[in-house]
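Student: Take a look at the letters that make up each chain.
Number of protein chains: 4
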Amino acid sequence: MPLRIGISTGGGDAPGLNAVIRAIVKYGVGQYHWQVVGIEDAFDGLLESPRRLQTLDLRSCKGILTLGGTILGTSNRGDPFAYPDPDGKVTDRSAELVSAIRDEGLEGLISIGGDGTQKIALRLMRDHDIPVVGVPKTIDNDLSATDVTFGFMSAVQAASDALDRLHTTAEAHDRVMILEVMGRDAGWIALQSGIAGGADCILIPEIPYDVNRLVDKIERRRSLRRYFTIIVVAEGAVPAGGEAGASPGPSPSRRLGGGRAGVAVAEALTERLHTDDIRVTVLGHLQRGGTPIAFDRVLATRLGVGAVDLAQEGRWGEIICLHHDRIVGLPIEEAVAVYRTVDPDGELVRAARAVGIEFGG
Amino acid sequence: MPLRIGISTGGGDAPGLNAVIRAIVKYGVGQYHWQVVGIEDAFDGLLESPRRLQTLDLRSCKGILTLGGTILGTSNRGDPFAYPDPDGKVTDRSAELVSAIRDEGLEGLISIGGDGTQKIALRLMRDHDIPVVGVPKTIDNDLSATDVTFGFMSAVQAASDALDRLHTTAEAHDRVMILEVMGRDAGWIALQSGIAGGADCILIPEIPYDVNRLVDKIERRRSLRRYFTIIVVAEGAVPAGGEAGASPGPSPSRRLGGGRAGVAVAEALTERLHTDDIRVTVLGHLQRGGTPIAFDRVLATRLGVGAVDLAQEGRWGEIICLHHDRIVGLPIEEAVAVYRTVDPDGELVRAARAVGIEFGG
Amino acid sequence: MPLRIGISTGGGDAPGLNAVIRAIVKYGVGQYHWQVVGIEDAFDGLLESPRRLQTLDLRSCKGILTLGGTILGTSNRGDPFAYPDPDGKVTDRSAELVSAIRDEGLEGLISIGGDGTQKIALRLMRDHDIPVVGVPKTIDNDLSATDVTFGFMSAVQAASDALDRLHTTAEAHDRVMILEVMGRDAGWIALQSGIAGGADCILIPEIPYDVNRLVDKIERRRSLRRYFTIIVVAEGAVPAGGEAGASPGPSPSRRLGGGRAGVAVAEALTERLHTDDIRVTVLGHLQRGGTPIAFDRVLATRLGVGAVDLAQEGRWGEIICLHHDRIVGLPIEEAVAVYRTVDPDGELVRAARAVGIEFGG
Amino acid sequence: MPLRIGISTGGGDAPGLNAVIRAIVKYGVGQYHWQVVGIEDAFDGLLESPRRLQTLDLRSCKGILTLGGTILGTSNRGDPFAYPDPDGKVTDRSAELVSAIRDEGLEGLISIGGDGTQKIALRLMRDHDIPVVGVPKTIDNDLSATDVTFGFMSAVQAASDALDRLHTTAEAHDRVMILEVMGRDAGWIALQSGIAGGADCILIPEIPYDVNRLVDKIERRRSLRRYFTIIVVAEGAVPAGGEAGASPGPSPSRRLGGGRAGVAVAEALTERLHTDDIRVTVLGHLQRGGTPIAFDRVLATRLGVGAVDLAQEGRWGEIICLHHDRIVGLPIEEAVAVYRTVDPDGELVRAARAVGIEFGG
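Protein chains in written order, with our numbering: chain E, 16 to 376; chain H, 16 to 376; chain R, 16 to 376; chain F, 16 to 376.
Please note that a few of the clues may not be correct.
One copy or two, it doesn't matter: identical chains are merged, so the pair holds either way.
[What the hints assert, rightly or not] Taking lysine-lysine pairs in the DSBU-like style, the calculated list, with each CA pair at most 35 angstroms apart, reads: (1) Lys232 x Lys77; (2) Lys104 x Lys134; (3) Lys232 x Lys104.
It is worth saying that the hints were derived from the structure and are not from the lab.
Just chain E, with the same shape it has in the complex (with noise of 0.2 angstroms):
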């Protein structure tokens, strides 16, 4: 008997989840003559009245592999287990989630998500015995299990195309100029990003930065006559003793979609530098959005494709994941308890600091 399947993605969106998606609907129907039926807004159309759901055939598949973001919506209220209502109040509404999954006739959920979405994932079966497979879901790739996450590289890509913008800029005007890129807790979108874009300094939550090393390369360059600095800031950059972006700041930041970090690194350089005139970029949504890159579509269309193995070969509790380029399922458990962080003594920051980089640290 074919099996009946729900799909949900939940969390920020990434490049490539329409593509993972489609490759599920393409391989799970078109060859296993699954039902595939997609939940809107991670869990949200399974716990609202009346119900949104899509039934998902190739017909759904037209046209979505260059689509950014997901058709099926996701959500950030996201946690049945800790479900906040319009009044703010959190109640569990599992159980009601896990009779809506039974109703529906759903033999089994993709989960396509990141860390927070898996542990519902594991908790829907470890407590209520829903089947289901996991398909990792970080922009920021800092995800242990998996070599590299869907959509990281098109992110790094749309921030190396930022970077070569305001180059000509920066050096038109002799400034100095920062962009801020996403990464709290992890640096790679900034280092990648960075030495993709020729950035003269790169600041990540794993290297604390010291304003005045930056002060210091800004001044070498203009000895060698290189007026202007590029300066490539992870959203969680800090500097060392400090905790710039961990104070309380202004609204205009937060709805600006970040800046804090950047902002702390401009204020900083301005009072050293006594200039007024240093500018920050604050890449935000532009990093998530839009088409995925080649490298990206095929690394979806692989882990989709793995997650129909998967669950067709009833390894339920698992997470597709690439592993020395290799498609390889991972128990959900090991996969979502650990991070990867930058090295700071890494091959690749040794790279970066070869051709010059500053890292402040």
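The hints should help you fit chains H, R and F onto chain E, whose structure is shown.
Tutor: Here is chains H, R and F on its own, set in the frame of chain E:
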């Protein structure tokens, strides 16, 4: 006798500056055997000691057609008639500039810049008999003398690309997303990119907005099951009867290369929609940098060639313009006097309204 | 009573077709409550049995602004007055078409297409009293009635991007590289993309070329240590006194979506330069596809809105054009009669020559 | 004593070559105070008189990270052990090369190139005691010693972008469209870009194709009302039991930078489908040129840094590779001996089949 001509680029950079320089050099040097001297950082290169000048020959043009920024650098200090020294005191250094021009044997200047730059050029000509030819540059496209300025369509393209990216995220997250683009006094970039990027609302300086109309638009969309809304805001957009953008804002906003107009809209919507989930992206310097699109490369080339013709024909005091797709020289005086803002009742706004775009007024 | 209107798209596709359709539907349906019927594959959808028609409402427009091609499909068979059946026999099926139009209750047609399509529309109106409004479409930009056609600048951008890519390879390998672009009778794409992409030579139908002038150009460049040369060739370019493009060529060339003009130049140069290392790239379908650039999305939107206005005002028999940046309706009859080719003595060719581009004549 | 090192780039260009050169110079010169000498046009710059060499210092690296091609130029003649003179006669000029290397005081060579180049390097080392370090370059990604080669993903991205463009045209015109990409012996570019670009069929050298299976695929799609089909063909793809690509073809095909494999498929399909409407696009040089994507810039930087480390540590005779995402040195001899072709039963082909892609075998 071939001419010896100085070129300078003043004000903010715009994609196509290097294409103008290249055309002047290729034509002036290649066909009229001019000596061309690039003055670095607007007029600063003639005011500083030692002077910073570059001989521009055919080799200097290698690879610059595709390059954003300006190989000559630019300056925002700029006005030699009211030149700020490091202490902030302002002095008239025009006499110095004039003797430097004569000392360098420059028989004419081609001045590429906005209205501020052109007014300086004009004054150099009137008060000091320095022969000048102008090339208009304003990324805001707010000069009535010319159909369109180079760099403008590249900025529109950048903003439209950003909207494409924001679209998928807005849709995935059921969000109101605001993109702030350049345009202090004229809303051309917001208007054209908003139409091109499928925005739902466009706010421009020329049409003060009533936030209630935005709320209505958002709610009408929701009733049609369109749970996201994209708003493009020109940095000079203001609420009807108010001056949101004009009030002294918190420093992060300035550091962030703008954002005040976008944040004001976000705050106003937040209050009325009772949500905390509205995000602002400030495109900022990402609009100015990067390689010019083909349209701007062609336009910049035509203008550069036209400027050489003006100088060669001794038509000093003229600025090279595009009028009904023909290249013509006009008196600088006339050209810099008249701005072109968006006509709220014009065909372009009407077309935008026709496809359902709300202007808030 | 709201109108019931049919839309069709005829001839080769051009970036912006869907943006025109979207504007017509958003305005016609959204503001005048039209019923809009999309006819599939030009008029084929009305001639086949069962008919292939789509009701176009606001939902049909979701996501199509950015989409290349046409959601209605198109046809190259097309002419209902001389319609080829599968055996190649040609019959007049206009009477059938007219009764299908009446049978479907269509009170007017908006016909988006090139001169072939517009002539058919005109004949439907004259001979059969079918009310039609036209929207001009020619990627070659060879229609004198309108300043510029949608899709053209996207094609120029694609060709210019291709030249940027070829440049680096040509330079690395000291090579003559030839890019063949569209333009059977008019060289606009070659001319504009050649200027934008920094080509050394541009060959267009309007200026028959003498291959010796190309050889001279290549050798002059070599003497300046520029060992590579980039040549853009319109598919309709011909040698002076010859008809290289017109002779019956070998089949690969046709299969390859063109190439004859480019290959002819390569062969001629090979003979004279005694090298076997000249390469031709045929841009072909890569020029037509893909998302329209912002310029074309705005233009297409304005034209679509203008077409609705014409129909709503009963100005049947007119075609919507851009004239001196204003949207105007003109009699179809006048508009399709006059082609605009490149003026060999015009300002654009002169500007290209000024920056050193060789036309071969 | 700092080293004096020569760098050369050999074979076809690949996006990232300049990023490798930049990393070597920035690290070697900036941190080890090397003297770096760029040899122009592979080894030709040392064999010609006068020699063509460039001193590479930090200023030479300005702006080259984003630049396609190679600032050193390359050569396809290349082999100094069997060097063709202008008359086509081949002589061993290795002794001359070796004395030029010694004469210039080069204490080592870093040779960036494909297997041909590396074999020459190895022979210079073995036969003549010239210390060499290699950096692998093959846009085809067919070297088993390294996980992935720089430039490859940029080529995949270019091919995937081309497929996105062809898609809309194919769909608008109900057409079979064929894209021929690079890959004489290995189908990696076709495979990855085909998956990324949503191709319906992928033909690679490793899986000889039966055209009847393509016909079946096209007809199955038609029965599902999908009237267009996209086929990616590697230039080395051959029919089962046949040698379509190997037969002596007409000259246009060679001039057109390939096309034989794509045309062969088109001819075979034309015969069986009784249509004359199948089009081939040859991506050709558009795959090699242009700015490297971020992925390749990072990879190239890491490899350049690794090459400097090898030389600095005296590990001559090694080539720098990426193995399980770690940078390692391997004996050149081992590295060049083993090609990596697509495994017809491997996971990537299986994933492609899973989403419905037909390989024709």
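Student: Could you run down the list of hints and mark each one as holding or not?
Tutor: Hints and how they fare:
no.	hint	result
1	Lys232 x Lys77	between (51 angstroms within a copy, 17 angstroms between copies)
2	Lys104 x Lys134	within (21 angstroms within a copy, 62 angstroms between copies)
3	Lys232 x Lys104	between (50 angstroms within a copy, 30 angstroms between copies)
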